[in-house]
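Undergrad: As a plain string of letters, each chain reads:
There are 2 protein chains.
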Amino acid sequence: MKKIYLAGPDVFLSDSIEQGQRKKELCQKYGFEGLYPLDNEIEDTFEHKADMGLHIAQANEKLIQECDAVIANLTPFRGTSADVGTVYEIGLAKGLNKMVLGYSNDGRNFLQRNLDELTGVRQQPNASYIDKENMALEDFDLVDNLMIDGGVHYPIIKNEVYQTGERFRDLEAFEACLMRLANHA
Amino acid sequence: MKKIYLAGPDVFLSDSIEQGQRKKELCQKYGFEGLYPLDNEIEDTFEHKADMGLHIAQANEKLIQECDAVIANLTPFRGTSADVGTVYEIGLAKGLNKMVLGYSNDGRNFLQRNLDELTGVRQQPNASYIDKENMALEDFDLVDNLMIDGGVHYPIIKNEVYQTGERFRDLEAFEACLMRLANHA
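Line order of the protein sequences matches chains A and B. In terms of this note's numbering, the first sequence opens at residue 1 and continues consecutively. In terms of this note's numbering, the second sequence opens at residue 1 and continues consecutively.
Accuracy of the hints is not assured; some may be wrong.
Identical chains blur together in the list; that is why a pair holds if it fits in one copy or across any two.
Claimed, not checked - Below, computed lysine-lysine pairings styled on DSSO-like, alpha-carbon distance capped at 30 Å:
hint : residue 1 : residue 2
1    : 62        : 24
2    : 132       : 24
3    : 62        : 49
4    : 2         : 29
5    : 158       : 132
6    : 49        : 158
7    : 62        : 158
8    : 2         : 62
9    : 132       : 49
10   : 62        : 3
Just so you know, the hints here were simulated from the structure itself, not pulled from any lab data. It should be emphasised that the depicted structure is a prediction, and the values quoted were computed from it without experimental measurement.
Just need the whole structure built from these sequences, with the hints factored in.
TA: Rendered as structure tokens:
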């Protein structure tokens, strides 16, 4: 049975363990085994906090090495881009030659989110945009930073989820990734 | 001569090309060849913007495949974490078994930045913190998300750069990474 690493900021949810369970059950429905990050399941027996953090990172990297594919929750997290931990994981998976899929529960493209949410953005005479630190805004009609759109093996599946509390929990687009993977396998 | 891929949001600076030149010259000083991302050097001959973005991503992935090491500018970008494009690249490099080093021109740890910059953070009875969407704040005394600190081969080099305009340009911590790499090689 193919193993799928379930990357995403889901690990930060108050019901993170249950969210992992829901994702694992959906994986089973399509004949896959879901591997959920170990952020919340490692016992705190470390003298220094940092050692525990690095241990979790190592444990997650090991799960990614074991998997056949990654499905990443790329819903923008605390800003206009996907969670950086998740993004590191899809980069790692790509380098390890795993299949990488992603979904986002935000329907806007990257430029639109930046225009909606950053303060101090200005348009220049050549029509391009810069932020308050005079740094360019990407304008490629993509879902996120071009390295993310370019990194995944299929276009990122978008779903507009309006309910705040459900933004990171909704699994319709996640299930669409599973279907795509099942058709590919 | 060893090749170093120069990852970072430096590509979004108004003087991005010159910043790349400065980094390449510092690489030479230590006997390395610097490879700078091609975001600003690919000719726009594409019918659709998205195709150009994906082409840049592919060209950067190719440069990372060619390099021996990556030095990543992990200075927080438009939020409390490193630029996601940069983070994807260090993940990819790690998966491809390249040496990965990083620096940040922000001296704070990740929890402190989140406490300073996120709105609506609350402390819970068990002393942990949650954000306005009830999602946990990482508290591991690390520089960024644990996957980033866990991903680099040496602890991220921090330098406190106070001048706003210099935050992404200052190269002292970058040069410290070069020295570390030169000693390692």
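Undergrad: A separate judgement is required for each hint: does it hold in the structure or not?
TA: Comparing the hints with the structure gives:
Within a single copy, residue 62 and residue 24 get their C-alpha atoms as close as 18 Å, which meets the 30 Å cut-off; across copies the closest is 34 Å, which misses it. In this assembly of identical chains, residue 132 and residue 24 lie within 30 Å of each other by CA distance solely across copies; the values are 27 Å between and 42 Å within a copy. Proximity of residue 62 to residue 49 under the C-alpha cut-off of 30 Å is restricted to the intra-copy arrangement: shortest distance 20 Å within a copy versus 37 Å between copies. Taking the shortest alpha-carbon separations for residue 2 and residue 29, only the intra-copy value of 13 Å comes in at or below 30 Å, while the best inter-copy value is 48 Å.
Taking CA atoms no more than 30 Å apart as the test, residue 158 paired with residue 132 passes in both settings, with 29 Å inside one copy and 23 Å between copies. In this homomeric assembly, residue 49 and residue 158 come within 30 Å of each other (Cα to Cα) only across copies, at 19 Å, whereas the closest approach inside a single copy is 36 Å. Taking CA atoms no more than 30 Å apart as the test, residue 62 paired with residue 158 passes in both settings, with 28 Å inside one copy and 27 Å between copies. Taking the shortest Cα distances, residue 2 and residue 62 sit within 30 Å of each other both inside one copy (16 Å) and across copies (28 Å).
When the C-alpha separation of residue 132 and residue 49 is checked against a cutoff of 30 Å, the pair qualifies only between copies, where the shortest distance is 24 Å, while the shortest distance within a copy is 35 Å. In this assembly of identical chains, residue 62 and residue 3 lie within 30 Å of each other by CA distance both inside one copy and across copies; the values are 13 Å within and 28 Å between.
In this structure, none of the earlier numbered hints is contradicted; all agree with it.
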